[in-house]
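Make the full structure from the sequences, and use the hints.
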Amino acid sequence: MIPEIGQLSLIFAFALSCLLALVPMYGSYSGSVRALLLAKPLAIGLFLFSGTAMACLMYAFYHSDFTVINVASNSSSMLPWYFQLTASFGSHEGSMLLWVTILALWTALVALFSNSLPLLMQGRILGVMGFICVGFIAFSLFMSNPFERSLPFFPVEGRDLNPLLQDFGMIVHPPLLYVGYVGFAVSFAFAIAALIGGKFDSTWARWARPWTLAAWLFLTLGIMLGSWWAYNELGWGGWWFWDPVENASFMPWLVGTALLHSLAVTEKRGTFKSWTVLLAIAAFSLSLMGAFLVRSGVLVSVHSFASDPSRGLYLLAFLLLVVGGSLFLYALRMNAVRSQARYQLFSREVLLWGNNVFLLTATLVVFLGTLYPLFHKELGLGSISIGEPFFNQLFYYLVIPFSLLLGLGPWVRWKQQQLPPLLKPLTLVALLALTLAIGYLAATQSLAANLALLGCLLGAWVGMSAIGEVYQRAQQLGGFSLGFTRLQASHWGMTLAHIGFAVLVVGVAMTKTLSVEKDVRMKIGDTVELNGYHFTLTDVYALNGPNYGGQAAELEVFSNGEKVTHLHAEKRFYPLQKTVMTEAAVHARLSRDLYVALGEELSGPSWAMRVYVKPFVRWIWLGGVLMALGALLALLDKRYRRAPAHVDVKVRETTAAFNGAEHA
Amino acid sequence: MNPRRKQRLMAVSAILLLLSGAVGAMLYALNENVDLFYTPSQLLNGLGEDKVKPVPGQRLRIGGMVVPGSVKRDDSSLKVSFALADTGPTVTVHYDGILPDLFREGQGIVAQGTLIDATNIQATEVLAKHDEEYMPPEVAEAVKGIKHVAPKYTYPAAADASATSGAATTETKQADKPATATEGGSQ
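As you go down the protein sequences, you meet chains P and X in turn. Each residue of the first sequence is one higher than the one before, counting from 1 in this note's numbering. Each residue of the second sequence is one higher than the one before, counting from 1001 in this note's numbering.
Please note: incorrect hints may appear among the correct ones.
As the list claims (entries may be wrong) - A few chain X residues facing chain P, derived, Cβ under 7 Å:
| # | residue |
| --- | --- |
| 1 | Ala1022 |
| 2 | Ala1029 |
| 3 | Leu1030 |
| 4 | Leu1036 |
| 5 | Glu1049 |
| 6 | Leu1078 |
Hints were generated in silico from the structure; no laboratory data involved. Cβ atoms here follow ideal geometry from the backbone N, Cα and C, with glycine treated the same way.
Here is the structure:
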């Protein structure tokens, strides 16, 4: 019964999304205020119905209703209740429904929080959102129905959730990531609505900016959580693998970052307009491409799954429709748009332009590395894979100039900047950064001309410069303490995000260079020494979990004769799925992680063990969290919270606009 | 030329220069890092119409099924070797490290490494997948000459399941989970 209610809700949601795609658009052409006003209730209804559908699916999972095929393949009655709930988005079908629900949530949020927008603009934006909803709800309904039943023959027990997904990460990572992915649909809708209206000004950028910030915030958190999860769960201590699926989420992030910066220019200076619109289209298109790559199985990767080609075809068609349609509209409208603002070569505009160039080059690198094997294969040249060194090498070359520019950027004024006034503070910052980086490395690690030194230098440069700039700005705003309170929230946000980037760069460089990794064979009582840490295997015993068995290893870690910690690593066997999972033991500190994973049992009896010491690996995720916090601060800026105009006023405005157009 | 135009020209040529440099570097790096995929028979008989065989020392990827009974472990270290086969000939893969959780005899794996001689490969990374019936797509294509299609759903407990399963698949993947069940070398 409940799954049928879910199914029905999804059908209602589909109908509402069709109406949402058509009615406000009709209103925006005919000037019918009533049609425009209908957008808001339609959007809210759409969310209520898709939310109900998701809730029904979760209910089916919670009650282990194995007559639903989706539940039977992805859950079991032995699964803890919280994993039963999250299993509802553990499969392709369920995750698609989650995607739809989040898309509807964004649509409803836009409807609720866009009262300050003119009615026409609001109607167009919601219409575009509605169109996207139509595409995805239709996909969920017709191509991957999550509520399909297997009556009258149904299994008495489910196949269990993939053990990899039975982790805390599964509870938070997919929703956050989707909120980010799908959030770019809002930026896209703003761009398309503006293209339809043919009006671009800094107000438009001011409306679009908080939504883009919000999407970017969640995407950042989602990617970081995914990285942290892979580190803990995959048992090999890596945090980024340049896997096609990861790349699929990284590309929208890179373009989204470029979009944020370009939006800043459009808002403050009224220029870069057409570029901003193009980036908004690109960010969402890359999100869609990610969905296509992940769900169609076209990529030759050990991570790709057996999948249904027709699903891939549908998504590809939708992707082409969105990209083609929006670019066509862009070509029609954009030649009329001229940016009037002028700026000199040494100005913030040009530096932000540089930021965009580097971010887009990075996107191109990821794009090429991800899709080249696909093209190679489709052209009949044989299967290939692109090695990690390709990405690492090119990102290495990109990050150096990018970081140097990033340290400079916030100091430079809009329009034009004279060099002399900057020389003194920047020299100071550079000297501080040099001392800090070299001093720290010389004091704690061995100082050598390597990636770690480079990373620390770049990180210190970016971080010091961000702090220095805030200090200087505060001084200008009336002294140290007063200035700090007078600084805008968005300025603090920018500073924090830049510091986050610095932290991330330091983390990556230090981990890459100074990590010590050893795969060893250990008997009980054996000790292995790594970077001054002595790991002793004290015990290995059988494990009994709720839905798994396996082995657990106990280790003691000593450093200089003192006990550092006790580590407990597990190797789990999940009988329903017949799979083995590694639960690594991690002892985390800001300056280093101790990481132990239990491998297979060998003759002896002895065990294969992975023992890693990874300095500064926490900084990578800390950097990501700081960036997200920066985005949150920027989002809280006062200028985005303007008093909404009353509906009657807006109705009059809209009618007036249309009457004016008729008379003209 | 007026100064504004001159400036624009400078900017445009700077962009073009940077762009061509970047694309050049990218393509170079791409070519440096391409690893061709072979199956054991392709390794011995050559790949494609020209029957191109890899030379010793070349980096490559090889995929096939682990021959049951062929896994040999060293008693004092983590060194291991196993035979890999698709349709006919077998090649030997040598590896020093921890095999992935899902490594099993008779199951499909992909190894990344360098060719030592015609039938021996030193692997730097061994990848296996989270699925009982899984075969790397390349292997499936090479072995059967067909694309790997979704297997029909089979229930663990129900008797007459395959008849009722319809279009359901065993897809257990969560869409945006970054990396799935592969294990291998260090970063």
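Each hint, compared with the structure:
no.	hint	verdict
1	Ala1022	6 Å, holds
2	Ala1029	5 Å, holds
3	Leu1030	6 Å, holds
4	Leu1036	5 Å, holds
5	Glu1049	10 Å, violated
6	Leu1078	5 Å, holds
Hint compliance for this structure: hint 5 alone is broken.
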